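Colleague: For chain Y, the structure is supplied; the task is to place chain Z on it using the hints.
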Amino acid sequence: GAVVSQHPSWVICKSGTSVKIECRSLDFQATTMFWYRQFPKQSLMLMATSNEGSKATYEQGVEKDKFLINHASLTLSTLTVTSAHPEDSSFYICSALLLYNEQFFGPGTRLTVL
Amino acid sequence: KQEVTQIPAALSVPEGENLVLNCSFTDSAIYNLQWFRQDPGKGLTSLLLIQSSQREQTSGRLNASLDKSSGRSTLYIAASQPGDSATYLCAVGGNNDMRFGAGTRLTVKP
Chain Y
25 GAVVSQHPSW
35 VICKSGTSVK
45 IECRSLDFQA
55 TTMFWYRQFP
65 KQSLMLMATS
75 NEGSKATYEQ
85 GVEKDKFLIN
95 HASLTLSTLT
105 VTSAHPEDSS
115 FYICSALLLY
125 NEQFFGPGTR
135 LTVL
Chain Z
-9 KQEVTQIPAA
1 LSVPEGENLV
11 LNCSFTDSAI
21 YNLQWFRQDP
31 GKGLTSLLLI
41 QSSQREQTSG
51 RLNASLDKSS
61 GRSTLYIAAS
71 QPGDSATYLC
81 AVGGNNDMRF
91 GAGTRLTVKP
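Sequence order for the protein chains is Y and Z.
Just add 24 to the spot in the first sequence (first one is 1) and you have my numbering.
For the second sequence, position 28 matches number 18 in my numbering, and the numbering has no gaps at all.
Chain Y on its own, in the form it takes in the complex:
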């Protein structure tokens, strides 16, 4: 099946700094990618839909100025958590959309903000 990678797999940062997470589709082009967040013992929640060449669509309650999404190419979407705070500590997972609405998920990035 299609492969999606994320980098880094885990990151620890100080409060107030910005962190960039990359999501790449390795063997296919994805015009649409998604970003999810998962807090401990909770399910995945969709944060935003990232479309190549256009602005991302954010879910209600997700701050677009805090979670910057860039989908500059058909194989790369980035999520930047700006001015991170401890409450942003979470597991972030991206996915890429393929044919027939099937999504392929990255392995996730664990963010810990001190």
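Think of the hints as simulated: they come from the structure by calculation, not from any bench.
Mixed in with the good hints, there may be bad ones.
[To be verified] Straight-line Cα separation of at most 30 Å, DSSO-like style, residue types lysine-lysine; simulated pairs:
no.	chain 1	residue 1	chain 2	residue 2
1	Z	LYS58	Y	LYS88
2	Z	LYS58	Z	LYS(-9)
3	Z	LYS(-9)	Y	LYS65
These figures come from a predicted structure and were not determined experimentally.
Modeller: The following block gives chain Z in isolation, referenced to the frame of chain Y:
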């Protein structure tokens, strides 16, 4: 807005038992439904994908069914093993989005 519910939230069974996990969704206009496995602190492993035109999919000891009209899917695990212990997530695919249930945390005791 699509809402996905999984019952039970947690399940503990002895090894060798057959078990059923349930998933229900409120909007039957779906593109597909997918079952995932998630181990603690890890990402998602796709188990089975059922397109909206299909009624079931099978892979090894796993069988997933889909009844769109009633908004239900079940994941059947045969002859459970301790290695099956994980959280199982049901996700409903709509028009360019996917909504997840809260998951069922399965523990299979040796």
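Colleague: With reference to the structure, classify each hint as holding or not holding.
Modeller: Against the structure, the hints:
no.	hint	in the structure
1	LYS58(Z) - LYS88(Y)	violated (34 Å)
2	LYS58(Z) - LYS(-9)(Z)	holds (16 Å)
3	LYS(-9)(Z) - LYS65(Y)	holds (23 Å)
In the structure shown, a violation is registered for the earlier hint numbered 1 alone.
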